[in-house]
Amino acid sequence: MTLKTTGNAAHAPSFLCCLFLFCFFPAGAQAQPAVCHLPAGFQSISTLACTSVLTDPDHRYTAAKAFEALSEGKFVPYTTPGNILKQRKAQATWLSFSIHNQTGDTLDLIFLFKDLKEAWRIDERNLKKIPHAGHHVVYDVSGLLTLPERMFFTYQLPPASSETFLCLSDYPLPNKSIAPEVFEIRSFERAKNKELRFVTLFNGMIFGAGLMVVFMSLIFYWQVRDRILPAYALYIFVFLVYLWRDFEYMNLQFFSTLGSVRWFYTKSLLPAAISWSYMIFIRRLLDIPVHFQTVGKILNASAVLVLVCLLLDVILINYSFAWSYAFSPHIMSVLLFLTLLPVSFHFLKSGEVVAKFVAAGSFFLVVGGVSISLLPVHIHSWVVRATFLLELCCFTAAIGYKSRLLLHQKRQVEKELSEKAARHQWELETQIAVEKAIVTERLRTRIAQDIHDEVGSSLTKISLSAQVAARLPDLSATELKARMEKLGADARHAAGHLREIVFAINPDFDRFVEMQAYFRENAREFWNGTNVKAHYIFETNESNPTVPPDVKRQLLLVFKEAQNNVAKHAGASEVWLTFQMTSPDRYLLEVRDNGRGFVVSNNNGFVQGLSGIKKRTDSIGATLSIESELGNGTVVRVDGSMLL
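Under our numbering, the first residue of the sequence shown carries the number 339, and numbering increases by one thereafter.
In short, the hints are calculated from the structure, not lab data.
Some hints could be false.
As the list claims (entries may be wrong) - Taking CB as the label site, the calculated pair distances span:
#, residue 1, residue 2, range
1, Leu745, Ser382, 41 to 49 Å
2, Leu649, Lys452, 27 to 35 Å
3, Ile557, Arg849, 24 to 32 Å
4, Leu766, Glu965, 40 to 48 Å
Please read these numbers as outputs of a predicted model, since none were measured by experiment.
Note that beta-carbon positions come from the ideal geometry of N, C-alpha and C, so glycine has one too.
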């Protein structure tokens, strides 16, 4: 695009005229700056050739004084060799430039600056402030610096008209041009939209991939409760926030949240947050305090240095005008490089696959961080995003590989536990089988002993009695009858013993409910034909456990012995018989009467008879309790467990 300029050296007559005015009217002399002409078909120009400047190292000038200095010709052309802008010292700079519309149409213009603090339009020797332009240093309630930025302003320039502008800049890099560029706004937006098409697509891919990793990490954490996953999600989220703010800063003329969120968060706090979240993530991923003690010390020192740099940045940018917002990213980049270089070396030296993945991701993190200091913004922005994708791949691969290792270890442990459980089950079953065999053998031995001792002795007695009776032919009918009755009683006694033994080993009575029925029938046979009224409390419930044979027999003998004691000694008119389950594996057997009772401590025959019950209950691990008072009856209570 053609740029036309006019000035006081355009031709000799104009020069002589200006010299004459300068010689004869020095007090009213005014340097006429060059004018940037906007011809037909205008799209963009740089105001470098038509900009004049006034440096203000000590910040003494106000807008009114700067305008007065402009009127007095104190501004110099921006392109003047050796001007003070080339000094390596931050300072305020006043700019002035004029724009002339050569077309017959109104032009909608946008003025883009490298740095713009404030802007005014000169209207008939008056200054009119342009609103919503530039940045203003303000402080929030916490005392942190805020820079609401708008590095451009828009203006409608009528046809065949000119406008002169006065602007203030304090751009900290004097080797960069601070003269604004002027664009026709519609062509600018078309070009910017075309440029942003690919940028937005690439950023969308990055943010989509990053957000997917964040959400998947949180979902997996909800399932497996691994502390690595929320740390990784935090690191990716902080990095995405940084990339979003950087993308915003590149496109301030379209949208920005910088007006509501402190610029400090973007330039200092977010890099620090990235560093801290990275340290937390790799600490948990590699269990650094256990496996990499040296790396742990390096990270601890780096975390402290990041905090120190952050505090110094806050202090210096608030109290030192010479401190530049560009210094902080450089310092962070150097610190990142000095930290991750030895850390990656230790990871590679370890030989662990997960640590190698982390070292690769850390390398890409270093490349992205260092590119901020070494490369121009339009290049390092792409480098940062590309390296972020690469480190995302490396760190995700590290987590995936470690998850695979943990899954393999889990399966190994489960296999070992399964083998141990199977071996334990086999040992338990073998032990149970052996114990059952021992119990069966003991039971067979006891049954044989009982048959031999009780039934056998009774049968032997019957046999001997019958032989004696047969050898006495002169027995009278009365004596023979008595002997035969005695033989019948002995036979019934032997049959009773035999029934008790059969009851103990009969599987028809292995369950508690069947056992209750047998006890009830036995009690009815015992008390029928007597003057004692029997009450039966044989409640049933859902618990119907299997009763060991020895428990069955001993409880039956205890039950019969307690009833015999009531019938022989109590003189009772009523008896209450209880046999029921009190819990899924405990029973209660109770015989209570309303007889004469006795003093339990007395050594009478009834108490001595209860000693047999005590021995039987002890043999099956049951608890025997006897309660009695003279004239108030007796209670014999047996409480025990079905589990021997």
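Each hint tested on the structure:
1. Leu745 to Ser382: 41 to 49 Å: violated (59 Å)
2. Leu649 to Lys452: 27 to 35 Å: holds (29 Å)
3. Ile557 to Arg849: 24 to 32 Å: violated (52 Å)
4. Leu766 to Glu965: 40 to 48 Å: Because 42 Å falls inside the window, the suggested range holds.
Against the hints set out earlier in the document, violations occur for numbers 1 and 3.
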